[in-house]
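Visitor: Top line first, the protein sequences correspond to chains A and B.
Residue numbers in the first sequence follow the numbering used here, run continuously in steps of one, and reach 74 at the last position.
Residue numbers in the second sequence follow the numbering used here, run continuously in steps of one, and reach 1321 at the last position.
Going by beta-carbon spacing under 10 Å, a handful of chain B positions derived as facing chain A:
id	residue
1	V1235
2	R1244
3	I1292
Keep in mind that the hints were calculated from the coordinates and are not lab data.
Yeah, the Cβ is synthetic: ideal placement off N, Cα and C, and Gly gets one too.
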Amino acid sequence: MKWWMQPLRLMGIGWYIAFCIIFSLLLGLWIDDKVHTRPLFTLMGLVLGLVTAFLGVYRMVLFAVKDTRGKGDD
Amino acid sequence: MRRSGCIVIGIVFIVLLIVGFLFPVPRPHVSLPAEALFHPKLPFIGEFPITNTYIASWLSILVLAVVFRIGTRKMALIPAKWQNAVEAVIEMLINFIDGVAGKKNGRRFFPIIATIFLFVLANAWLSLVPGFNTIGFGEVEEYETGFVGTHEGFVVKEPLLRAANTDINVPLTLALMSFIFVEYWGVSSLGILRYSSKFIRVSGLFRGLGQLFRGRIRRAFGELFQGAIDAFVGVLELLSEFIRIISFTFRLFGNMTAGEVLLLMIAFLIPWVVVDIFYSLEVILGLVQALIFSGLTLVFATVAVASHDEEHEKVETVSTE
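Between the sequences and the hints, there should be enough to build the whole structure, so can you do that?
Guide: Following this line, the structure appears as structure tokens:
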């Protein structure tokens, strides 16, 4: 692995956050429209999206941190 | 720099400014979708709109083909001019790819990565050639200018050539191609079962169910909880794989379109002089975007080819050192 590979892998992270939140929010809105339970599923979708985005970003960043730790000495 | 040189450059700048004000540029007509120039009717397909970006992308394919044909026409052991240049480019790409993916995988990845790099680069740099965005269909009319009021002249409404990267279909096509090839390389080198085990991780859940049936309730719940988290992580992994297409597409499209619009607007505001600085910036930006697109595909391919256990082992050894 080259030194620039990890930062390059993190380039799509912004899109990941945005997509997770917006997609699950829209999914919640759509379900609410179908079953007329607004705002139940919208809020659930929002929470799900936030959790997914956070965990995914945490995982990606953790990978990068682990991979580069200890390499700064040499 | 010597004083006479400074004076010459200053005079050139002033002359260019005056010329720019004598022949002012109309306010650029910015449209995100590519302009369809011709609408030929094809058998079986029906109407097939030919856009200016489509023509430009064929032009860059043609340019690449001609350059590489000339370079490899008379192959000699001691390369002459063209062959030397072409070989230098290819050697640089091979070193770049082999350095990341290793010799064995590097040769497998090379055709696709090099194609993406050269195509994006050719699209970006060809769009800086004068004639792009300025020659096309339009009409004579009175137009608004940056400084000198209105002016009558020819206004290009539909340029004949427009940078292919500024049509969202081109980055989307490249992104889909990169996605498909990354998945294909992953499956073909790990096998479909081992590759899909990166995304579908239900072994923990099954283990938990097994414990549940044996009646060890507390251990079963622990295993089930761990298994659920593991399965969720697999879903995240799958999701990030697909979101990559979107981020690939919009990165290239956004950067290239922004650069194009910036050049057009600066040329409209202050003709001739200031736009040169941004022109050189665009040259670098085209190279950087081509490097990022091909480099990211390469990185993701390398990650996809590496087996899951290997990656984990490596992380473990690094963190315990």
